Amino acid sequence: MPHLKLTKAMTQRLTKEQVKKLFQEFDNGNGKLSLAEIDRAVIYWHPEFGTNRQAILRAYKAADVDKTGFVELKEFRRLINLLYFYNELSGLFGQLDTNHDKRISFSEFKKGHELMSVEDIDEYALRKEFHRIDTNHGGYILFDEFYLLNSIMDIEITRIDQPSTVEQHQAIKVNMVPKPQSSNKSKKSSKIQMEISSKRFLLLFSIFTCISMIIGIIIVNFTVPKQNHICQMTFRQTIKSSIVYSSHPKSIAIGDLNHDNQTDIVVANPGTNTIGIFLSVDYENFHSQQTYSTGSTSQPNSVVLNYFNNDSYLDIAVANYGTNNIGLFFGQHNGTFENQILISTNSFRPWFISSDDLDHDNYSDLVIVFYGTDNIGILFGRNNGSFDELIIYSTGYDSLPYSLAIKDLNNDQHLDIVVTNYGTNNIKIFYNNGNRTLKNTIIYSTNYNSHPSSVVIADINNDQYFDIIVSNSNQENIGIFLNYGNETFTKQITHQIATKSFPQYVNVGYFDENNYLDIVIIDSINNQIHILLGYGNESFSTLTTYDSISGSSPSFVAIHDFNHDNQSDIAVVNSDTNNIMILYGYYIQPSTRQVTYFIGDNSRPNSVVVYDFNKDGELDIIVNAFRQSIIIFYGIGDGKFVQGNSYSTGENSSPAYLSIGDFNNDHRMDILVPNYSADNIGIFFGKDNGSFESIVTYSSGIGSQPWFAANGDLNNDTYLDIISSNNGLGTITIWFGLGNGSFVNKTTYSTGNNCNPFGIVIGDINNDNYMDLIFANQLSDIPGVFLGSNDGNFTLITKFLTTTTDLCFMVGLGDFNRDSYLDCAISCTDGAVINVFFGKGDGSFKSRVIYSTANIGIPYRLVVTDFNNDNYIDIVVAFFSSSEVAIYFNDGNGNFELSRLYSTDSGSNPYGLAIADLNHDNQLEIIATYWGTGFLGILTQYDAAKFTNQSTYSTGSAPYPYSLVVGDFNNDNQTDVVLANSATDNLSIRFGSKNGTFSNEIIYDIGSDSYPQYVITNDVNKDNYLDIVVINSKNNTMSLIYGYGNGSFADQLIYSTGDGSHPYSIVMNDLNNDQKNDLIIANEGQDNIGIFIGFDYTTFMKTNTYSIENHTGPFNVFVKDFNNDNNLDIAAIFYESSNLIILLGQENGSFIISMSYSTGNGSQPMMISAADINNDKQIDLIVV
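In our numbering, the protein residues as written are 1 to 1184.
Just so you know, the hints here were simulated from the structure itself, not pulled from any lab data.
As the structure is a computational prediction, the values presented were derived from the model and not from experiment.
The reader is advised that the hints may include incorrect statements.
[As the list claims (entries may be wrong)] Calculated cross-link-like contacts (lysine-lysine; reagent style DSSO-like; alpha-carbon spacing at most 27 angstroms): (1) Lys1022 x Lys1102; (2) Lys1120 x Lys1177; (3) Lys61 x Lys16; (4) Lys1120 x Lys1022; (5) Lys500 x Lys439; (6) Lys946 x Lys1034; (7) Lys110 x Lys74; (8) Lys407 x Lys439; (9) Lys1076 x Lys1022; (10) Lys74 x Lys16; (11) Lys61 x Lys110; (12) Lys994 x Lys1076; (13) Lys61 x Lys74; (14) Lys640 x Lys21; (15) Lys640 x Lys1034; (16) Lys74 x Lys500; (17) Lys799 x Lys840; (18) Lys840 x Lys20; (19) Lys111 x Lys74; (20) Lys407 x Lys500; (21) Lys687 x Lys615; (22) Lys1177 x Lys500; (23) Lys1177 x Lys1102; (24) Lys61 x Lys111; (25) Lys61 x Lys640; (26) Lys20 x Lys500.
[Said to hold, decoys possible] Using C-beta positions, here's what the derived DEER-type ranges look like: (27) Gln95 x Tyr942: 44 to 54 angstroms; (28) His259 x Asp921: 35 to 45 angstroms; (29) Ile1153 x Asn895: 20 to 30 angstroms; (30) Ser1048 x Ser993: 10 to 20 angstroms.
All residues carry an ideal CB built from backbone N, CA and C; glycine is no exception.
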């Protein structure tokens, strides 16, 4: 068939591994892809497929077998296969659809015969055939009608459920049977019909042979079990599993269910096929959930409250997506409900439901969004809780409606309906006649690829007309349509939410005191709640964000003043954490989001500089590792970085404060570094590609110990010169640059008596147009000043007559009070103060103004800059001891106030500090080096939405047992089982019976947010009773639980495994031959192996941790004597870096890192064991 071509894409199949890699590339970490993420993945993989929207939509609908709206990996593999099929099918359809209006007219249908050179076509018979295919009688063949092949020919698919031979596999067949002709025709007519039928059949057979082959291949691929002739052991389940499903709630409705004048909550739980009722205790607390079944596989997706049987008690209507029906629960006076009554929605899957009185009969009606069939339905209510027949309204071809809202939009006293069409990127308005009919449907675009997912109707601009607000899930914004009041609206006005945000659900409320409506946006992908505070005129103030719902996947939000304080509260449905959360008392607090990059264990970074070294338009970062190197991190856009090369500063050189300058005038930035232990300063000259030459050093004198260096043009020859502050000798040294990277006339100046200089800066503080030097004296609380002259000579004008113990450290320079004279700020570590000195303009300073930091911590580095864009110079300070960064805002007159205090995580000890706009958003980020943990941290400011109180209520969660161990805990010679239940933060202990069953379960609570992950058992305290040890990944602890031998246990003893350690697995053994058990832990969060040595029989002492550079993600450890020296050794596998290390034990219980082995690129090892596999009396290792 030469004119109907198959595309080349059919031959470009992805392997299973390629599909997995593509999935992981676009998975944001929650193990599933939304339709928007699928769009991007398909476009990235195959641009040709990416333009075929209808193929993607159909493949998405077919692949989403559990109908959650998201596609998991196994479903994604199916989606990719289906894409080939739908792409070919739509390609064939497109070749017949010559005018590209997404439908085939009769003339195009007739033209299809001509493509086959079929002559003598009987137009009457052809039209009859056309009308038979056109099942909705719209005058065109739509793609769905084209897809239903049995409208033209019967495709009989016979599936052999369990084929056991190749012949039976081949019995899966596609039989194409032409439709029989009528027996009432004359022979002549029959002959003509047979000729035409044969020609038509030839055309249809040719067109659909390809389609049938594709269908056949896909059916075989998806339905035929793989052959396996290997005899295997078989097992049968004797006891039903006790592991239950999680509720995964999707939506809620609120109302007073028991007439106590307090608000109650109803939730739809598709994971457990239930609805849950939370009756209020008081204004801020609720009873535990009471559940009602919605039926097996019902998957209730949406819930609404109203009075459906007119008895003054609220009733519940729930959209049972899985069973194609609406469930009704009629309420009773005490907050209980009758059993569910079902109303069929026929072949339509209800996705979203709302209720109101559409026809003014005082009976509640239901309006339903149906998933995947491009329509909505209305059930008009009767007075007894029953409903009339379902009425269907189309939302448009491929529209994929997601949600709806009901309000009177044109002030005609009739309620109208607005629907968001996710698939066609628009909203559709159905105006209501009030007589059970709808009129004048109007469509407004939400912009290409926006995928609107939610809608709310409210008067945003206080003009007495209801406006429409939608969440555009794929364009990082919300859209507002302002109502003109004449059944028309403005074009969409968009408001950006956040970069890479996915606004899923939107609602409105009153959160501040101005009585203007505010907007709440739920981001289900990034686990965030955004609030836009309104001004009452369709404009909004700063966006605020609530981040404290990590991993929750919020799916729905309701707004209500639960506690009657005249401020809206927020009720959020968290699908992945199986709860509803209520947030009370909204307020705004500046906060930061932190991203960290690992520099190295014990790297002690204390300085950082920022510049676009490779000239790619993105800022790069260079940090020092205090041992002997500097490391560059290249910016890759959006404020993200990748680690580049490291450059040696010399063995044990101790590089300190970094600065930058172009010392050889080649328009490439160079790095200046003082090497404290090597008594020199060094320069790394930059190359074109952002890399650097090896270091060139200049001695600053034996014992000089330069800690700080600076550079500038000191002698007005336009070439950069270098200054080092020599703490060890009490001097400064100057090298004058020649502009070609070389330096001459090294000059050293004493800083005077009672002086150990530290921080040093350059500036003209006496306004004579010559650069001066200002430094911090470790032994004084006043700044030291060298005044410069026209020949590059300097004069010390400061005399340090007395000493202090403040230990002044770092100095910053700027005009703080806008008097055109430079001022300075000095941080003093031991004094815990920041001193501010206002310049007089003659090189001297006024008396200091003291800002105590004693209630915060020890100030180290400081940076002076205009942080909040108000044209006043502010002070940013790193507090080493408290692991915080503070910002002191300037009021414009030189007065400073502590305005921001941000944590950098406990034990991080921020030291080096820089300020820059890393992500091009015109807001400054804070870049800090963490001396304590060896990380580079980037803090991005944002306005955090905070709440004075929050409550969380479980909707039902599976325990998610992570590990299991067995033992006899009650000394009855029966095997008992302990499960570590990560999701419910407890241990489940089940006692064995003689018949192989388990009963008498006890639950041992480990503590909120503990996430018990790995459990082992042993007689730890040598009392002949088994004890339990469990590591808790989320709160970084180990729990030791002593058993009493009778099935009961002592209270847990808790040991910290270290902040951020996230312990992953644990083993027990006697490492130092002292007859006491020791514990070995794989700390996945800190990339190390931790050891707890048994101090006595009941307590443990944490000793060393062991790590190796570039080995990340330790998952599992095994202990054995690998080298036959009678000392136990440790084998540890690292999941992320895919390798194995051996730590050889020493007689004193310590270890040395011996060897490292790759487990294969990308192998991601999970577990390790050891045994003599080949009987050579050597221990072998087995890695999964």
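### Task
Go ahead and decide if the range 44 to 54 angstroms is satisfied by the Cβ distance of Gln95 to Tyr942.
This hint holds: roughly 51 angstroms between Cβ atoms.
### Message
Would the hint linking Lys640 and Lys21 be met if the CA-CA limit is 27 angstroms?
### Response
Since the Cα atoms of Lys640 and Lys21 sit roughly 22 angstroms apart, the hinted pair holds (cutoff 27 angstroms).
### Message
For a C-alpha distance cap of 27 angstroms, please report whether Lys61 and Lys110 respect it.
### Response
Violated: Lys61 and Lys110 sit about 32 angstroms apart, past 27 angstroms.
### Query
When you check the alpha-carbon spacing of Lys946 and Lys1034, does it fall within 27 angstroms?
Measuring from Cα to Cα gives roughly 23 angstroms; hence the hint holds.
#### Entry: Pairwise hint evaluation, Lys16 against Lys74, where the allowed Cα distance is 27 angstroms at most
Within the cut-off at roughly 10 angstroms; holds.
### Message
Check whether the Cα positions of Lys110 and Lys74 lie no farther apart than 27 angstroms.
### Response
violated, 42 angstroms
#### Entry: Given pair status - Lys1102, Lys1177, alpha carbons within 27 angstroms
violated, 34 angstroms
### Query
Can the restraint linking Lys640 and Lys1034 be considered satisfied, given a maximum Cα separation of 27 angstroms?
The hint holds at about 26 angstroms.
### Query
Given the hint that Lys799 pairs with Lys840, does the C-alpha gap stay at or below 27 angstroms?
holds, 17 angstroms
### Message
Check the hint pairing Lys407 with Lys439 against an upper bound of 27 angstroms on the C-alpha distance.
### Response
Between Lys407 and Lys439 the Cα gap is close to 15 angstroms, so the pair holds against 27 angstroms.
### Message
Given a hint of 35 to 45 angstroms, does the C-beta separation of His259 and Asp921 actually sit inside it?
### Response
Because 51 angstroms falls outside the window, the suggested range is violated.
### Query
Taken at face value, is the distance from the CA of Lys111 to the CA of Lys61 at most 27 angstroms?
violated, 32 angstroms
Consistency note: the structure conflicts with the earlier hints numbered 5, 7, 11, 12, 18, 19, 20, 22, 23, 24, 25, 28 and 29.
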